[in-house]
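Protein chains in written order, with our numbering: chain A, 1 to 279; chain B, 1 to 381.
Bear in mind the hints are in silico, worked out from the structure with no lab data behind them.
These numbers were taken from a predicted model, which means no experiment stands behind them.
Do not rely on the hints blindly, as some may be mistaken.
[Said to hold, decoys possible] Computed Cβ-Cβ distance ranges for the label pairs, DEER-style: (1) P269/B / L165/A: 54 to 60 angstroms; (2) K195/A / R167/B: 32 to 38 angstroms; (3) R108/A / N236/B: 44 to 50 angstroms; (4) L115/B / R108/A: 42 to 48 angstroms; (5) A108/B / L218/A: 34 to 40 angstroms; (6) E133/B / L91/A: 27 to 33 angstroms; (7) K195/A / Q54/B: 54 to 60 angstroms; (8) R167/B / L165/A: 44 to 50 angstroms; (9) R108/A / E133/B: 55 to 61 angstroms; (10) A108/B / R108/A: 40 to 46 angstroms; (11) V211/B / A113/A: 35 to 41 angstroms; (12) Q171/B / L91/A: 43 to 49 angstroms; (13) G29/B / A113/A: 50 to 56 angstroms; (14) L165/A / R10/B: 37 to 43 angstroms.
A virtual CB, placed ideally from N, CA and C, is assigned to each residue, including glycine.
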Amino acid sequence: MSRTPTRLRAVLAYALLLAFTLVFIAPVLFMVVGSLKPDALVLAEAGSLRAFLPDSVNPDNYRAVFERVPFGAYLLSSLIVNGLIVGLGLLVNAFAGYALARLRWWGRGAMLALVLAVLVIPFEAIAIPLFYQLSWLGWRDDWLVQAIPFVANPLAIFLFYSFFLGLPRELEEAARVDGAGVLRTFFLIVLPNAKAAFASVAIVLFLFHWGMYLWPLLMTTSEGVRPLPLGIANFYTLPPLQWGDIMAFGVLMVLPVLILFVVFQRWFVRGVASTGVKG
Amino acid sequence: MADVEFRAVRKAFGEHTVIPGLDLTVHDGELLVLLGPSGCGKSTLLRLLAGLEQATDGEIRIDGRPVDALGPRARNIAMVFQNYALYPHLTVRGNLEFPLRMRGMGRAERERRMLEAARALGLEPLLGKRPAELSGGQRQRVAMGRAIVREPDVFLMDEPLSNLDARLRVQIRAEIGALQRRLGVTTLYVTHDQIEAMTLGDRVAVMRDGVIQQLGRPVELYQRPANLFVAGFLGNPPMNLLEPAFEWRDGARQARLGGTWVRLAGGIPDQARFAGIRPECFRVGASGSSGDGRQDRLAIQGSVDSVEVLGHERIAYCRASEPVVELTDGPGPWRSAEGLLAARLIGSGVLERGESVTLTAPAAEIHWFDEDGNAIPTDLG
Numbered sequence: 001m002s003r004t005p006t007r008l009r010a011v012l013a014y015a016l017l018l019a020f021t022l023v024f025i026a027p028v029l030f031m032v033v034g035s036l037k038p039d040a041l042v043l044a045e046a047g048s049l050r051a052f053l054p055d056s057v058n059p060d061n062y063r064a065v066f067e068r069v070p071f072g073a074y075l076l077s078s079l080i081v082n083g084l085i086v087g088l089g090l091l092v093n094a095f096a097g098y099a100l101a102r103l104r105w106w107g108r109g110a111m112l113a114l115v116l117a118v119l120v121i122p123f124e125a126i127a128i129p130l131f132y133q134l135s136w137l138g139w140r141d142d143w144l145v146q147a148i149p150f151v152a153n154p155l156a157i158f159l160f161y162s163f164f165l166g167l168p169r170e171l172e173e174a175a176r177v178d179g180a181g182v183l184r185t186f187f188l189i190v191l192p193n194a195k196a197a198f199a200s201v202a203i204v205l206f207l208f209h210w211g212m213y214l215w216p217l218l219m220t221t222s223e224g225v226r227p228l229p230l231g232i233a234n235f236y237t238l239p240p241l242q243w244g245d246i247m248a249f250g251v252l253m254v255l256p257v258l259i260l261f262v263v264f265q266r267w268f269v270r271g272v273a274s275t276g277v278k279g
Numbered sequence: 001m002a003d004v005e006f007r008a009v010r011k012a013f014g015e016h017t018v019i020p021g022l023d024l025t026v027h028d029g030e031l032l033v034l035l036g037p038s039g040c041g042k043s044t045l046l047r048l049l050a051g052l053e054q055a056t057d058g059e060i061r062i063d064g065r066p067v068d069a070l071g072p073r074a075r076n077i078a079m080v081f082q083n084y085a086l087y088p089h090l091t092v093r094g095n096l097e098f099p100l101r102m103r104g105m106g107r108a109e110r111e112r113r114m115l116e117a118a119r120a121l122g123l124e125p126l127l128g129k130r131p132a133e134l135s136g137g138q139r140q141r142v143a144m145g146r147a148i149v150r151e152p153d154v155f156l157m158d159e160p161l162s163n164l165d166a167r168l169r170v171q172i173r174a175e176i177g178a179l180q181r182r183l184g185v186t187t188l189y190v191t192h193d194q195i196e197a198m199t200l201g202d203r204v205a206v207m208r209d210g211v212i213q214q215l216g217r218p219v220e221l222y223q224r225p226a227n228l229f230v231a232g233f234l235g236n237p238p239m240n241l242l243e244p245a246f247e248w249r250d251g252a253r254q255a256r257l258g259g260t261w262v263r264l265a266g267g268i269p270d271q272a273r274f275a276g277i278r279p280e281c282f283r284v285g286a287s288g289s290s291g292d293g294r295q296d297r298l299a300i301q302g303s304v305d306s307v308e309v310l311g312h313e314r315i316a317y318c319r320a321s322e323p324v325v326e327l328t329d330g331p332g333p334w335r336s337a338e339g340l341l342a343a344r345l346i347g348s349g350v351l352e353r354g355e356s357v358t359l360t361a362p363a364a365e366i367h368w369f370d371e372d373g374n375a376i377p378t379d380l381g
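Modelling step: build the complete structure from the supplied sequences, incorporating the hints.
Printed below as a string of C-alpha cells:
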C-alpha cells in the first residue's frame, strides 16, 4: 500500500536532483566538449543539444593554447601565487583563529567582531586604495604582491575559529600539563587534529584566488608573473577570436582545481572521527 | 613526592566566586579525595593546582615552594582527565612518550620509562594502537600511564572513572588504589561518587559551594558527619533526618520520635533540632511493637512504601508517621515534609508493600544537629 507513494516520491526526488545536476553541469560540459571541436562548430552548435556531444576528439585547440600564449608561464605564476596564498594563509589564519578561540587577551571580542565585519567588504571596494598604497611603496609586478594582500582571510579565520572552538579543550590542557608551551601545543596537538579544517580552508583559499583577475591586472605588467586568468583574457585581444582555444584554456585552467578537490575531498566528508576524547 | 598546601585560596570568575577562601594541606604520599556535587568547586581546585587556572587570591605550595607564578610545565604534576584526553593522532607509545619528549629526555631513557609504565599497566600489546582503537578501560590505563611515566611530584585525577561502566569502574578503581600505594605519589582525586571516595581516599574532603564541609578519614566522615550536608551526601541511601518535638520531662530534655519520648543519659543537647539515623541502624518489626517502653530506643510507626532487593540486603522505604527532613540544594532552613524513611535490612524476609511496620533504633545511634545543620557531638549519650 505505502510502497507506491514512497517509490513515486523517490522517483520525483531523483528527477529533480537530475534536473539540477544538468543545469549546473551544462556549462562545464559545454566547455569540455567545445574544447574538442573545430572552432567553427563551437558557436554554430551552441544553440542545440549537439553542443554537448563531441563529434570527434580533436586536440588542435589544446595545441593552439600552448602555441599562442605562454601557458606554462601563466600556470607557474598561478601555482606560485596560489601556493603562497594557501601556504602562508593556512599558517596565519590558523594562528589568528586559534588566538581568537583559545587564548585570553584584551580586545579579543572586539577583534572577532571586526573579523566578522570585514567578511562582508568586497575586495573591489579596497582594490584601488590598496593599489595606490602598494604603488606608493613601489611594490608591483611580482608574485608576492599578488599573494600577500590575500594571505589573511576573514572567512578562513572564522572557519579555523569555529573548528578550534569545537576541539576538546582537554587535549590542549593535557599537553600543557605534560609540559608543552602554547606553540608546541599548537603544532604538536592542535594542528594534527585539525586536518579537516586545514583542508577546507586550503580549498576555500585556493578556489577564491585561482580565478582572481582584477588584482593581478592592476599589479602586473610582465607576462612572466601574470596568472592564468590574465592569460585567458589574452585570447579576447589576440585576433582571431578562437572560442575553441578559449574552451581548451578553460579546461586546462580548471584541472588543477579538480585535482586539488579530488585529493582533499576525503577531509571534507571526514571530520575528526577518530578522537581519543570520549563523550 | 611532595606536600601540597592551599593557603586562603580564592577563585572567582568575574563576579561569580567559586571558591571563597580555602585552606587545605595534602600530605606527602597521601591520596586525598575531593568529594562533592557538581559545581562545588572541586575540579576548579584541581585546575588551580595544575596551573590551568590562576587563583584570584591566596597561595598554593608544592613541597613548600609557591607555584602560583609557575606554568603547568614547571609544577611537575600529572593529570588524568575525565575524558582521558588522549592525543588521538598519536599511538599509545606516542601518548606515553609525549610528556617525556616535552621535557627533552633522550631517546634511550624515554624508551626505558615508557616501557616501564606500559609494563606496569599491561599496555605493552597496545603500544602501536591509536586511542580510537582502544576500549574505555584501555584508554583509562593509557591516561594513567601517561601520568606515571614521568614520575611527577603530584597526581591529579579529575573523575577518572566516570566514563567507565560499573563493572570496569570497580576493577580500575582497585588498580588506581594499588598503583598509588605502590608509587606513593601525593594524589588529589576528584569525584562525586561517594563509593570511590570511601574506598580510595586516605582522607576525604567533602565540598559544597567551594567550602570544605568536612575533612577526615572516610570512616570518620561516615560515622561522625560534621553537618547535615555531609550526613546527607555520604551513605546510600543517605542518613534519615527527622525533626522531633523537644520537651523537658522528668528533669531532662527529651525528643519525641514516633510514639516514644527519647532521652539520653547525658540529656539531649539544648541546641539539638534535627535527629539523624543511618538506614542500617533501623530494625523493622511488626506494627504495634515499640521500643518496649524504653526511652533509650525510638520507635516510629510506618507503612512499607517499596522494597529494593539488592541480593545480600534489602532497602525498605517506609512512609512514616513523622515528618521527614529533606535536604535542599541551598543552605538551610531544611524542609520538613511527608517523606520516606529508609531502612537497610540484611538477610532474607518478606516485607509486603503497604504492610504496617515499626522502625526501631537505639537512641545512642542518633546523630543530633543544631538549627544551622551542624552536628552536635553524640558522645554525650
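A quick look at each hint next to the structure:
The beta-carbon spacing between P269/B and L165/A, approximately 56 angstroms, falls within the hinted interval of 54 to 60 angstroms. For K195/A and R167/B, the hinted distance range of 32 to 38 angstroms is satisfied, since their beta carbons lie about 36 angstroms from each other. In this structure the hint that R108/A and N236/B lie 44 to 50 angstroms apart at CB holds, the actual value being about 45 angstroms. With their beta carbons about 44 angstroms apart, L115/B and R108/A fall inside the hinted range of 42 to 48 angstroms.
Range check, A108/B to L218/A: Cβ separation about 59 angstroms, and the 34 to 40 angstroms hint is violated. Take E133/B and L91/A: their Cβ atoms lie about 31 angstroms apart, and the range 27 to 33 angstroms holds. Between K195/A and Q54/B the C-beta distance comes to about 33 angstroms, which lies outside the given range of 54 to 60 angstroms. Hint check: R167/B to L165/A, Cβ distance near 36 angstroms, so the stated range 44 to 50 angstroms is violated.
Remark: the range hint 55 to 61 angstroms for R108/A to E133/B is contradicted by a beta-carbon distance near 38 angstroms. Between A108/B and R108/A the beta carbon distance is about 44 angstroms. The supplied range of 40 to 46 angstroms therefore holds. As the Cβ distance of V211/B to A113/A is approximately 39 angstroms, the hint placing it in 35 to 41 angstroms holds. Hint check: Q171/B to L91/A, Cβ distance near 46 angstroms, so the stated range 43 to 49 angstroms holds.
About 51 angstroms separates the C-beta atoms of G29/B and A113/A, a value consistent with the hinted range of 50 to 56 angstroms. In this structure the hint that L165/A and R10/B lie 37 to 43 angstroms apart at CB is violated, the actual value being about 29 angstroms.
Violated hints, in rising order: 5, 7, 8, 9, 14; the structure is consistent with all others.
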